[in-house]
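Protein chains in written order, with the working numbering: chain V, 1 to 344; chain W, 1 to 344.
Don't read these hints as lab results, they were simulated from the structure. Be aware that a few hints might be false.
The list that follows gives simulated cross-link-like pairs (lysine-lysine, DSBU-like), each with its CA atoms no further than 35 Å apart [stated by the list, open to error]: (1) W/29 to V/278; (2) W/4 to V/258; (3) W/201 to V/29; (4) W/258 to V/143; (5) W/258 to V/344; (6) V/145 to W/278; (7) V/29 to W/258; (8) W/344 to V/278; (9) W/201 to V/344; (10) V/79 to V/4; (11) V/145 to W/145; (12) W/4 to W/344; (13) V/145 to W/201; (14) W/274 to V/274; (15) W/344 to V/264; (16) V/274 to W/29; (17) V/278 to V/145; (18) W/143 to V/29; (19) V/143 to W/344; (20) W/344 to V/4.
Incomplete in silico selection of chain V near chain W, CB under 7 Å [as the list claims (entries may be wrong)]: (21) 22; (22) 25; (23) 26; (24) 158; (25) 161; (26) 162; (27) 168; (28) 172; (29) 307; (30) 311; (31) 315; (32) 316; (33) 318.
Ideal placement from N, C-alpha and C gives every residue a C-beta, glycine not left out.
Number of protein chains: 2
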Amino acid sequence: MHYKLALIGFGNVARSLARLLIRKQDLLKSQHDVTFSFTGIATGSHGFAVNPDGLDIQKALDLVEGGQSISSLSSTDVKDSLAVINNSQANVMFENSPVNTQTGQPALDHIRQAFDLNMHAITANKGPVVHGYRELTALARSKGKRFGFESTVLGGAPVFSVFREAFPLAELISINGIFNATTNVILTLMENGEAYEDAVKYAQSIGLAETDPTNDVDGWDAAIKVAALVTVLMDTPMTPQQVNPTGIRGITPQMIAKARAEGKRYKLVCSAEKVGDKVTASVSPQLVDSTSPLYGMMNSSTGITFRTDVILDYSITLSEKPGMKGGPVETAYGLFADFVNAVK
Amino acid sequence: MHYKLALIGFGNVARSLARLLIRKQDLLKSQHDVTFSFTGIATGSHGFAVNPDGLDIQKALDLVEGGQSISSLSSTDVKDSLAVINNSQANVMFENSPVNTQTGQPALDHIRQAFDLNMHAITANKGPVVHGYRELTALARSKGKRFGFESTVLGGAPVFSVFREAFPLAELISINGIFNATTNVILTLMENGEAYEDAVKYAQSIGLAETDPTNDVDGWDAAIKVAALVTVLMDTPMTPQQVNPTGIRGITPQMIAKARAEGKRYKLVCSAEKVGDKVTASVSPQLVDSTSPLYGMMNSSTGITFRTDVILDYSITLSEKPGMKGGPVETAYGLFADFVNAVK
């Protein structure tokens, strides 16, 4: 079976995905008899291109990474992302537009359109999960297609599929975790004596924190991930606004020194607990001691602990080494895994 | 669909499984339209019973836990495990006889017989995995049945299914882990100043270590788990003898004190690495520092780190609190999960 792919959003993660697909193309063919071509690409600031007969993906990568537009590759004149989706004749749409925490747009509309046109929709974008999970899941089911979002929480490391595939009929009681790499790097550096401002600058220098670090340091990135997990795994719609996060700006070097003297650490802890039908969720700095699975997660490492009625504390950790970036390749793998699971 | 179940082995784990199945029976019915009855039970020292119309499981639990034989429950005279399998008319056979590290028997024969009679075979027994994986997998496939063994490595916490379901087309480069709870408890206690002999006694008192702790402290339990993981996930047959483990008897209080002073810990580390087609595996005490995902695994906690070509260090930890036993309920859940995945 041949799959035509549309890439909506062509930043680091989407370009890593394109390279990963190329690297794994022989395995896809030999293991699952799947081949693919790229028939639509929408970029943020380097134009749009479609060609149902296949675009030259290497040329597209080179153009964008050289700062040039890809519109010369297009067989038809297309001026926006929806036009790319509509004209790509794709079987699978990868949605990687920038996250909008408040509304989930424009990703929501892209995914609706993809399902309307009988495509699978796969995204690393948390917005449509928290703002449209039930609607999009129902839409996907009605079309016999897959809504994939494995890359939204732990940077492409499997989380949703682990709980959904490997914990049949288990009841999820609570989740606890560290979901934001930037704040974990900052807290690690502060523990080593660096000032908050310097730690933020370092996180920016390695490409982890954005120029305006608000989304990370005030807890919004963590909150939307908690909301996504609660929405999907606890079957309870939740928005980041309802999580109402507290960030790390209030943590002083004095507090960190005191914690350290007591053998403890501040972590930006994400939690959700289900009691009956009621879910309470939070994101806030917490003191954790060495008995916590979160204590050992340093630098840009992230992780989650599931507590269920059958297996008590089951933790997944994605360990990153100092100086390593969260990794577009890892996030790309989550998209790739969703693709394989959709087509195998 | 109604499933008849045979329980070959009726120790703590199998009895926990029976109770878990009863607790989850409404969910099985509502989610997967699955019902079940117990039609065969083989115990180690409390007799054998079959009844294709269904045995009274509560009565069987009461009898065994009261030290009595279950043979009065049987509709036919049966005298051994194979006779139970043959006369149970079961659709699913749960194999929980004692582990034989050297040969995998008699579990191997039980599982062969189950497949011959068109049953699914599900086991918490590591023996048949390391001594018969390829044969039994081929046999299961030829019959359209499942060979399930999720409970063999991390006490029922999902490991095999995580890698097989959630890491499609990923290449497994290495595994590292702590697979034996008893030695981890002993090392934790020795770090707190207890003598080796006292630590062993404590592990025995909480039901974790056996009267003869050789299998744990000399690394054989860890080695058979490494061998099982290598055999299945690295597609390379390996026996515990080939792993050739080194246990923890050589670790002195002096060594532990020195490690502690350097911020390190001794752990009984299980490793396997695949380079090309060659796998090297080991079990031995290793010094780990606080950057290792294994450093924080204390008491009877166990865990594994997968390194792949796409996601670097992905760790699964099953955290146990001090004094908690490894948990027959958790091991039972691994068997239950295999059952649900076989019949859903």
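Going through the hints against the structure:
Of the supplied pair hints, the one linking residue 29 of chain W and residue 278 of chain V holds, its CA atoms being roughly 25 Å apart against a limit of 35 Å. For a cut-off of 35 Å, the pair hint linking residue 4 of chain W to residue 258 of chain V is broken: about 60 Å separates their Cα positions. Restraint check for residue 201 of chain W and residue 29 of chain V: not satisfied, since their Cα atoms lie roughly 56 Å apart, outside the 35 Å limit. Among the hinted pairs, residue 258 of chain W with residue 143 of chain V is inconsistent with the structure: their alpha-carbon atoms are about 63 Å apart, more than 35 Å.
Annotation: proposed proximity of residue 258 of chain W to residue 344 of chain V is violated, straight-line Cα distance about 53 Å (limit 35 Å). Taking the CA atoms of residue 145 of chain V and residue 278 of chain W, the gap is about 40 Å. The hint is violated against a cut of 35 Å. At roughly 54 Å between alpha-carbon atoms, residue 29 of chain V and residue 258 of chain W are farther apart than 35 Å, so this suggested pair is violated. This hinted pair checks out: residue 344 of chain W and residue 278 of chain V have alpha carbons roughly 28 Å apart, not beyond 35 Å.
Under the criterion of a C-alpha separation no larger than 35 Å, the hint pairing residue 201 of chain W with residue 344 of chain V is inconsistent with the structure, at around 51 Å. At most 35 Å may separate the alpha-carbon atoms for a hinted pair to count; residue 79 of chain V and residue 4 of chain V meet this at roughly 20 Å. Using a Cα cut-off of 35 Å, the hinted pair residue 145 of chain V and residue 145 of chain W holds, with the two alpha carbons roughly 28 Å apart. Distance check on the hinted pair: residue 4 of chain W and residue 344 of chain W sit about 15 Å apart at the alpha-carbon level, within 35 Å; holds.
In summary, the hint linking residue 145 of chain V to residue 201 of chain W is not supported, as the alpha carbons are separated by about 57 Å, beyond the 35 Å threshold. Straight-line distance between C-alpha atoms of residue 274 of chain W and residue 274 of chain V comes to about 41 Å, which puts the hinted pair past the 35 Å bound. About 45 Å separates the Cα atoms of residue 344 of chain W and residue 264 of chain V, which puts this hinted pair outside 35 Å; it is violated. Note on residue 274 of chain V and residue 29 of chain W: the hinted pairing holds, with a Cα-Cα distance of about 23 Å set against a maximum of 35 Å.
At most 35 Å may separate the alpha-carbon atoms for a hinted pair to count; residue 278 of chain V and residue 145 of chain V meet this at roughly 30 Å. A threshold of 35 Å between alpha carbons decides the hint, and for residue 143 of chain W with residue 29 of chain V the separation of about 27 Å falls inside it, so the pair holds. For the proposed pair residue 143 of chain V and residue 344 of chain W, the alpha carbon gap of about 22 Å is at most 35 Å, so the pair holds. Of the supplied pair hints, the one linking residue 344 of chain W and residue 4 of chain V holds, its CA atoms being roughly 32 Å apart against a limit of 35 Å.
Because the closest C-beta pair between residue 22 of chain V and chain W is about 13 Å apart, greater than 7 Å, the hint is violated. Among the interface hints, the one on residue 25 of chain V is violated; its C-beta lies about 10 Å from the nearest C-beta in chain W, farther than the 7 Å criterion. The restraint placing residue 26 of chain V at the interface with chain W is violated, with a minimum CB-CB distance near 10 Å, outside the 7 Å limit. Interface restraint check: residue 158 of chain V against chain W, minimum CB-CB distance 4 Å, threshold 7 Å, status holds.
Checking residue 161 of chain V against chain W by beta carbon gives a least distance of about 4 Å; that is within 7 Å, so the hint holds. Annotation: residue 162 of chain V was flagged as interfacial toward chain W, and the flag holds, the nearest CB pair being 5 Å apart, inside 7 Å. Here the hint on residue 168 of chain V is kept, as its CB sits about 4 Å from the closest CB of chain W, short of 7 Å. The beta carbon of residue 172 of chain V is not positioned within 7 Å of any beta carbon in chain W (closest approach about 13 Å), and the interface hint is therefore violated.
Among the interface hints, the one on residue 307 of chain V is violated; its C-beta lies about 10 Å from the nearest C-beta in chain W, farther than the 7 Å criterion. Evaluation of the residue 311 of chain V hint against chain W yields a held restraint, the C-beta minimum of about 5 Å falling below 7 Å. Interface restraint check for residue 315 of chain V: the shortest CB-CB distance to chain W comes to about 4 Å, inside 7 Å, so the restraint holds. Hint status for residue 316 of chain V relative to chain W: holds, with the closest Cβ pair at about 6 Å, below 7 Å.
Given hint, residue 318 of chain V at the interface with chain W, holds; its Cβ is 6 Å from that chain's nearest Cβ, closer than 7 Å.
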